[in-house]
Amino acid sequence: MKTRRSSRTRTALVIASMAVLATAGAQSCATFTEAWQLTDFRILGVRAYAESDPTRNSPRRGETAVVELSTADVRDRNVRVAWLIVDSAAFGTTMTSGDAGAGSTPSLPAISICDTPDFALDFPGLTLRCGTRSSFTVPSTGGPDARGRESLTIFGVACAGGRIRVRPTGGDAGTGASTGGVPFECTGGESRGWPFQYTMLVGSAAGNTGNDNRHPQIVGVRAGIMGGTLSPVTDAAIPRIQRCADQSRMSQCTRLRVEVDFNEGARESYPERDPNTNTIVMRDERLVTGFIITKGRLSGGFRTDSAAEPRSVMGNDFLPPTEPGDVRMVIYATDGRGGFDTREITIRVD
Amino acid sequence: MLAPRTLTGALIALVATIAPAAALAQGAFTAGTTGASDPDAGAPAQTPDAPPRVLRFAEADYPEAERAAGREASVTVELTVTTEGRATEVNVVESAGEAFDRAAVAAVQRFEFTPAVQGGQRIAARIRYRYRFRLRAQQGPAQPHREPAAVLRGVVRSQDNRPLAGATVTAQLGTAAPVSTTTAADGTFRFALEAAGAYEVTVQSAGLRPYRSRERLYERDDVRVVYRMSRPAVASNTTRTQQPTRSRRGNDDDEQGVTVRGVRPAREVTRTTLERREITRIPGTGGDALRSLQNLPGMSRAPFLSGALIVRGAAPADTNVLVDGTVVPLLYHFGGLSSVIQTEMLDRIDFYPGNFSARFGRAMGGVVDVGLRSPRSSGYRAVVNVSLIDASVFIEGAIRPNLTFAIAGRRSYVDVVLNAVLGAFDTVNLTAAPVYYDYQGVLEWRPHPKHKLRLSVFGTDDRLEVLFRQPGDMAPSFAGNFGFQTRYHIAQLLWTHDIAPTTQGRFMFSGGLTGLGISAGDLVKFELNFYPQNLRYELSHQFVPGARLNVGLDMEWNPGNTRVDAVRPEPGRPLSSAPRVTTEFTGSAYLPALYAEAELTPHTGLRFVPGVRLDYVGPTRQWNLSPRGSARWDIDRRWAIKGGIGMFTQQPAAQEYSRAPNNAFPGQLIGNPNLLTQRATHYTLGFEHIFSPYINVSVEGFLKFLDNLVVATPTTQLLSQNPPPPFNNNGSGLVYGAEVLLRHKPSSRFFGWVAYTLLSSVRRDAPGGELYPTSADQTHILTVLGSVRLGRGWEVGARFRLVTGSPTTPVAGALYDANSFSYVMLNGMRASARNPYFHQLDLRVDKTWTYSWGSLSFFAEVLNAYYAQNQEGVQYNYNYTESQPVMGLPIFPNLGFRAETTIL
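Residue numbers (this note's numbering), protein chains in the order written: chain A, 1 to 350; chain B, 351 to 1254.
Since the hints were made in silico from the structure, they are not lab data. Any given hint could be a false lead.
Said to hold, decoys possible - A few chain A residues facing chain B, derived, Cβ under 8 angstroms:
id: 1; residue: 45
id: 2; residue: 119
id: 3; residue: 195
id: 4; residue: 196
id: 5; residue: 198
id: 6; residue: 276
id: 7; residue: 286
id: 8; residue: 288
id: 9; residue: 290
id: 10; residue: 323
id: 11; residue: 334
id: 12; residue: 336
id: 13; residue: 337
Stated by the list, open to error - Residues from chain A shown here face chain B by an in silico Cβ test under 7 angstroms; the list is partial:
id: 14; residue: 32
id: 15; residue: 33
id: 16; residue: 35
id: 17; residue: 38
id: 18; residue: 46
id: 19; residue: 194
id: 20; residue: 197
id: 21; residue: 199
id: 22; residue: 275
id: 23; residue: 304
id: 24; residue: 306
id: 25; residue: 307
Backbone N, C-alpha and C fix where the C-beta goes; we use that ideal spot for every residue, glycine too.
All chains should be modelled from the sequences, with the hints used to inform the complete structure.
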């Protein structure tokens, strides 16, 4: 009897508190677009590599480097990209939260740029390039940044459906930060632009700085009904799943399990100076994998390797939408040192 | 910026010049848990050798309307009997209506007393007096009923504690005729004695050994006794108690006792005392005394669930919280839902929003000094509180008449609830649900009337841990265990002693552990453990009436260690791939201080308190001299002006001056050991006016200049080739405003107040830099509250708050970091936006039942009764393109029970 009374008390407490929490939650529960929803134009990542070896994403000084911007869009829009490349040693550091305008960039004329991909400017210590894919020569001189690594800092803007204009302020991002520290803006009626930053490691000729790095490769994607066997996804073997009327988080509909396979050496070992002991130690890269879809729901936007799970399974669960049709799923990954790869698959909803 | 020495000299000169002339005075509010709380935070109340006695009784004018209506009444007033035997500061404590109150106050002001005496010296004393209005027989002028000179009553019990009926109790004063009575069925008896004095009391009961006792009864005394009769071979014993200060509410038959406490005027020349009824019945505080602080003027509204103390625009870290002189790191459990010390354990709460005494230091903002109570000297009392959030128990009693104890403990059960609720979510695991507990214990020994030794222990522990199984959308590295723990456990030894009738000493030593632990997934693990030790000694001597000097030593030693295990952000790397850096350092901060303070009353009504404090900051090897002064002039019984001026210093935080190497930035230190001490100069000026025995107003303006404020160097600069020190003293600030407190003191039916603060708090991080409002900059802070007794134990109250929204920094956009797949927020202009006005109505209803064994109370509160949608911040989606306000508390009900029993 005592137990039952105690249980009732506890139940009453739980119900009362849940009501309170639910009310509180209702006040702050967001109906935001989730990171895994592709609803507009967005940037996925930068693939930078040495022109002489596309698998190596740490071009050496004096080499020709290639940068490619990977984007996704729900509409078919022309994408213009401007790249502003500076040596990290000269620049100081990259952006951190709230530090818009870190460092300084030289003033640029207030003109429209990148209307053609061959637009290019070269200042001492600064390179301006255009195009979703562009190349430039890694400066032959330079030095390590504050962390002791040689790298290039790249700021840019990707503009879908519009034109890129140099901001007349000359890049004073501390006062107007619509494009952050990037002295460009995307203009045009139906345009959507995003400023971005990227740090590219500069390898050494001797290859002993720990900067040398190769891109991880997504070698395959497997999919199957959750709890069942997963099969490789190819253009000829598109995964299929029944549509689902219940789009809630706790939906009981059948889900599709998607897992990403990487090449054997995707998680490279690299030497790094341990800041605690000031000695060189070997570390393994940790992969970060992102997932975005055009319809339906995912159980999360990202999967990562962690200290607890250094070789995490990069998988996701897909809840099909209410309407039948093809759903695009874009998978993109980085090894944490500038390496990048992406893959897009189609899921057919019946 | 003035040089420190120049400013110090100017301050000394200014204090010396203006204080006597302008009779300025400073203000400080005190929220005491007793009606006549000890006004001196350091010294205990003195029990005089001889209390005041009425020499000349003055009859009140019976209000005509009341007499015509045939109404009788009793009015209890509290008054100060001066060393000349005059009645001053007469306040109504229990009202019988305005007409009766006014007549009673007027009469008591004409009384003449013999002053209280201690150690052969006359002292001022605060007493209570009940004036009864009784209608005489049909004709003749109405005359007040003469009270008995004293009352002696109690219970006669057998050795096995059974009440003895039919026992004969006789009381005899000298050679006067004895008076006798017989105990009732429950063993009780009562004498209404015509004269005060030393009575010989004899108790006789058949078959038991006669019992004799000598009871000294003073004028207006109401003494309760318990006599235990033994068989002839066994000795008897006596327990004597003095009736509590207040009668039990709702029980008009309960006699009002007189509690006499030697009163020394406060060093902080102005104080407002909140009475227990006010403290425990303020809507929205759950009956928590320390939460009542949040309703006083000068106190900004803390952000939702933060529980921070923001005093007169100062940062929370700029206000010190002390328990009987020992600094404690926090006052409230997380969320600010309840305080870390139970109301039952409190003797007083002294809140100084500025210009505090020289005995307090190392704080630029304000001081909250909490005193633990002395346990009751006879019998036992137990209190149990149960609410939706937590439950607590309190027990106090006497092991021997001079050896007493009090213990209290509290634990929350939010963990039970949240475990059940969060269990429904698949992405969140509550590995350690939010839980807190606190405890206090006091063992007090009075080996001699002039000595009191007290050993106290108090502590608290708050912890919470949440496991996020999957990475977050905002930052892919955001996963793992998130939690925090704060705790302290402190033991304190207190010794107060009277060295001579005019000289008192107070010694305090405390030591313990203070800990803070924070973990943010795989990114950061922070652990801080300090073992603070405090030593204080104060000597107080009265040279002549009207001149007292207090000198003291205030030492703090904080050995401790810190361990930070965190990823080091690096360009081009997601945090999950960044290298981990462990920084560990051990150190100690030695912070001794000396102070001296005079209390001068050169003329009746004029009070001047100059003081000076000398602090040494061990880690930065700096001496700081802080002159201070305050004054108050009671122009007449209704008007007073008050003011103060002073300098206040505060050492940088441990991490700011640390000499430990910073592994995250090789070649640099964690802190800057060359930092200067932060400094504030306070100016206050105000007045008080008493409209009626119930209603008064206090108005005070304040101005604070802050300089040498510690500012962190931006991370980007630390990464440059020639990085500056990680911290500098380039910050400065200005705080100014005014406070108004219009208060209706507790009467028999109502209490309430209107508190309004006008405030501006701005800072700049470098000379000539941008001036920006601090997060504490709340221009208008209005609190209106009141509580009405409805009779039959019912009481209802309401509190309304209207506060300007805090400044916020808007988000101007975002930048995509292609290395980490996350968006970097880009701030707009600093503090260039504000949250909308905050407004909230809280309601409360209380019901009390009184039984022979004690009392049972129930309260119900509804916070945010009309469901105001108060914005506390803004939340954004993963790329900062969408936002929506974060709302504060919804309608929130809270219930609680309180049971109290006393065993004599």
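Minimum beta-carbon distance criterion (7 angstroms), residue 275 of chain A to chain B: 5 angstroms, holds
Hinted contact residue 38 of chain A with chain B - closest CB pair below 7 angstroms: 12 angstroms, violated
Checking hints one by one. Is residue 33 of chain A an interface residue toward chain B, by the C-beta closer than 7 angstroms rule? Holds - the Cβ of residue 33 of chain A comes within 7 angstroms of chain B, reaching about 6 angstroms at its closest.
Let's test the interface hint: is any C-beta of chain B closer than 8 angstroms to that of residue 45 of chain A? 5 angstroms, holds
Against chain B, with CB atoms and a cut of 8 angstroms, does the hint on residue 334 of chain A hold up? Because about 7 angstroms separates residue 334 of chain A from the closest Cβ in chain B, which is inside the 8 angstroms limit, the hint holds.
Hey, does the residue 195 of chain A contact hint survive, CB to chain B under 8 angstroms? Status holds, d = 5 angstroms.
Quick one, is the residue 276 of chain A hint okay against chain B at 8 angstroms, beta carbons? For residue 276 of chain A, the interface hint holds, since the closest Cβ of chain B sits about 5 angstroms away, which is under 8 angstroms.
Under the criterion of a CB-CB separation shorter than 7 angstroms, is residue 306 of chain A in contact with chain B as hinted? Because about 6 angstroms separates residue 306 of chain A from the closest Cβ in chain B, which is inside the 7 angstroms limit, the hint holds.
Hint validation: residue 337 of chain A versus chain B, beta carbon distance must be below 8 angstroms. Holds or violated? 7 angstroms, holds
Next item in the hint list is residue 199 of chain A. Is there a CB on chain B closer than 7 angstroms to its CB? It holds, given that the least Cβ distance between residue 199 of chain A and chain B is near 3 angstroms, below 7 angstroms.
Restraint: residue 198 of chain A near chain B, CB-CB cut 8 angstroms. Satisfied or not? Given a least distance of 4 angstroms, the restraint on residue 198 of chain A holds.
Please check whether residue 307 of chain A passes as an interface residue: C-beta within 7 angstroms of a C-beta belonging to chain B. OK, holds: residue 307 of chain A within 7 angstroms of chain B, min 5 angstroms.
In this structure, the earlier hints numbered 2, 10 and 17 are contradicted, and the remaining ones agree with it.
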